[in-house]
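J.: Okay, here's what each chain looks like letter by letter:
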Amino acid sequence: MIFPQVLATEFLKLRRSKVTWLSFVALSLAPLGIALFMWIVREPGRAAQLGLLGTKADLSGLTATWPAYFSMLVLVVGIGGMLMLPFIIAYVFGREYADGTAKNLLALPVGRQWFVFAKLVVAAVWWLVLVVAVLAEAIVVGHALALPGFSAGLALGGARDALLAAGISYLLAPVVAWITTLGRGYLPPLGFALAMLALGNVFAKTGWADWFPWSIVPLSVGTVGQPVQTLPPGSFVVVGLTFFAGIIATILQLRHADNAQ
Amino acid sequence: MRVVATASSAIATYGLSKRYGDVLAVDVLDLDVRRGEIYAFLGSNGAGKTTTIRMLLGLIRPSGGHVDVLGRRVRPGASDVFARVGYLVETATAYPNLTVYENLEIQRRLTGAPRAAIAEAIDLMRLGAHADRRAGVLSLGYKQRLALARALLHRPELLILDEPANGLDPSGIVEVRQLLQSLASEQGVTVFMSSHILAEVAHLADRIGIVDHGRLLEELDREELRVRERGHVRVCASEPERATSALAAAGFAHIELADGHLRVFDAEDRVPEIARVLVGAGIELTELAPAREDLESYFLRLTGGVE
Chain X
1 MIFPQVLATE FLKLRRSKVT WLSFVALSLA PLGIALFMWI VREPGRAAQL GLLGTKADLS
61 GLTATWPAYF SMLVLVVGIG GMLMLPFIIA YVFGREYADG TAKNLLALPV GRQWFVFAKL
121 VVAAVWWLVL VVAVLAEAIV VGHALALPGF SAGLALGGAR DALLAAGISY LLAPVVAWIT
181 TLGRGYLPPL GFALAMLALG NVFAKTGWAD WFPWSIVPLS VGTVGQPVQT LPPGSFVVVG
241 LTFFAGIIAT ILQLRHADNA Q
Chain R
1 MRVVATASSA IATYGLSKRY GDVLAVDVLD LDVRRGEIYA FLGSNGAGKT TTIRMLLGLI
61 RPSGGHVDVL GRRVRPGASD VFARVGYLVE TATAYPNLTV YENLEIQRRL TGAPRAAIAE
121 AIDLMRLGAH ADRRAGVLSL GYKQRLALAR ALLHRPELLI LDEPANGLDP SGIVEVRQLL
181 QSLASEQGVT VFMSSHILAE VAHLADRIGI VDHGRLLEEL DREELRVRER GHVRVCASEP
241 ERATSALAAA GFAHIELADG HLRVFDAEDR VPEIARVLVG AGIELTELAP AREDLESYFL
301 RLTGGVE
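Respectively, the protein sequence lines represent chains X and R.
Each residue of the first sequence is one higher than the last, beginning at 1 in the working numbering.
Each residue of the second sequence is one higher than the last, beginning at 1 in the working numbering.
No lab work stands behind these hints: they were computed from the structure.
Just so we're clear, the structure is a prediction, and the values are computed from it rather than from any experiment.
Glycine is no exception: its CB is placed at the ideal position from the N, C-alpha and C atoms.
Keep in mind that a hint or two might mislead.
[Said to hold, decoys possible] Quick list of the computed label-pair ranges, beta carbon to beta carbon:
(1) X:Ala245 with R:Gly64: 27 to 33 Å
(2) R:Pro76 with X:Gly191: 26 to 32 Å
(3) X:Gly191 with R:Asp294: 51 to 57 Å
(4) R:Asp123 with X:Ala136: 44 to 50 Å
[What the hints assert, rightly or not] If the Cβ cut is set under 8 Å, some of the chain X residues that face chain R in the computed set are:
(5) Ser28
(6) Lys103
(7) Val110
[To be verified] A few chain X positions that, by computed beta-carbon distances, are all more than 12 Å from chain R:
(8) Ala8
(9) Ser23
(10) Gly111
(11) Gly207
(12) Thr230
Required output: the full structure, derived from the provided sequences and hints.
T.: This is the structure in structure tokens:
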């Protein structure tokens, strides 16, 4: 069975990689940023004295409570996922082109689909660890801020919503993998991710929001209004189809297209 | 020339072509590389060598024709045969954040080679002092050694090497030459290598295929190369065509007219006779000298390069 070997090599490639640590540092700033907003809302006078974002925080209608803190965290994980996850995917797939190693891989006695599966597993594990680490950090930061209204049920609900948003974001990732193999580098997938983030937010305000894959995350985390409590089954079908279409397109790209660098 | 591949063919291409838009990179290429031989694919930059190698390895798809490697058709999804092939394509590349050992560990896992193969490959390519260094900080020569170690790690039956001497210092070039010779002669490994270093190729190859503008111009084996390197008499005359006729009439059988001068083969000891024939025919001579054509001159003449 070759897949465990391919998977092991994909994890080995992350060794001494600065990008993994950079992604942790970048996402770990999210709870700190939310905590800053909470503090500004709770202490507007001191925040104003310090010249912080007092006016803007007041306008946002936030309350410095655990429920508000978690809802912002879910929003950051959802929208962050639409940017951070393409970044991870672009790195995992695109480095083979940037480092010139794709040509070393693609004439090995290994079906090219296994590289796609292994890289998607690596990205999933990386993303899951990031999200769980950020949730753990958020709990610690929230307690340090002594926010009112904490309960185990609330924390579990917040974690569930964050993981659901992270999971939906992940289902969109294979399309980014396809763009990476098509463009053979980092820039096309990152450009695609930014474009889809913008388009997703635009479509989220329209009647097509439930059907446009990149609108479903903004819809579920509440970027464009109150988060929807339950997505229609059709939305899950759309993101599921997007997931499988992305995988198939990536495999076909590696298998049938020219892979010169 | 049509290829008739046999069980003894390690590589056979049939009308292999590759077109990029208006550019025909490889033009109906028929190759037959026999098992156990060292075949050098010789050509200038842009001659189509790397494109051909990419097609041999299934990295790009031919626009026409097809490739058999070790008796198996190269096509999408048929990767099993590459367990028996080691290769180096274009520049030597590796994961820069991983050590030499870790880069080879990736190759070992993906080819199913035994763990001991890594130490053997490191030893073979004299990488021991660099085994724990990150590939990103290696010199070009050591990156090339790492790439060759990767190609050899799983003891392949067939090596496909694109410019294997690239970046190596003179001692490294000799080492690689000796290594490839011993792999071919002692272990029966077939070596298909591209190169533009003619002296290297002349030392190493059992057969040489000269490619230009994607076409195979000529194939030479060692004996043919030796004959090519044979002496000739270089003749510069006022009327080259008439000089050719006069010499032919006088019994000189192997005459070539190129770039305005004549090469009279198998006639190094007949210089006075050539002079007599041409002067007798009223032809003015500006140069008459014995010469020898090495592979470089032959290559340049064949490909239309500057001599």
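J.: Would you mind marking each hint as holding or not holding in the structure?
T.: Against the structure, the hints:
no. : hint                               : result
1   : X:Ala245 with R:Gly64: 27 to 33 Å  : 31 Å, holds
2   : R:Pro76 with X:Gly191: 26 to 32 Å  : 28 Å, holds
3   : X:Gly191 with R:Asp294: 51 to 57 Å : 53 Å, holds
4   : R:Asp123 with X:Ala136: 44 to 50 Å : 47 Å, holds
5   : Ser28                              : 22 Å, violated
6   : Lys103                             : 5 Å, holds
7   : Val110                             : 5 Å, holds
8   : Ala8                               : 6 Å, violated
9   : Ser23                              : 15 Å, holds
10  : Gly111                             : 6 Å, violated
11  : Gly207                             : 42 Å, holds
12  : Thr230                             : 42 Å, holds
Going down the numbered hints, you'll see the structure goes against 5, 8 and 10, while the others check out.
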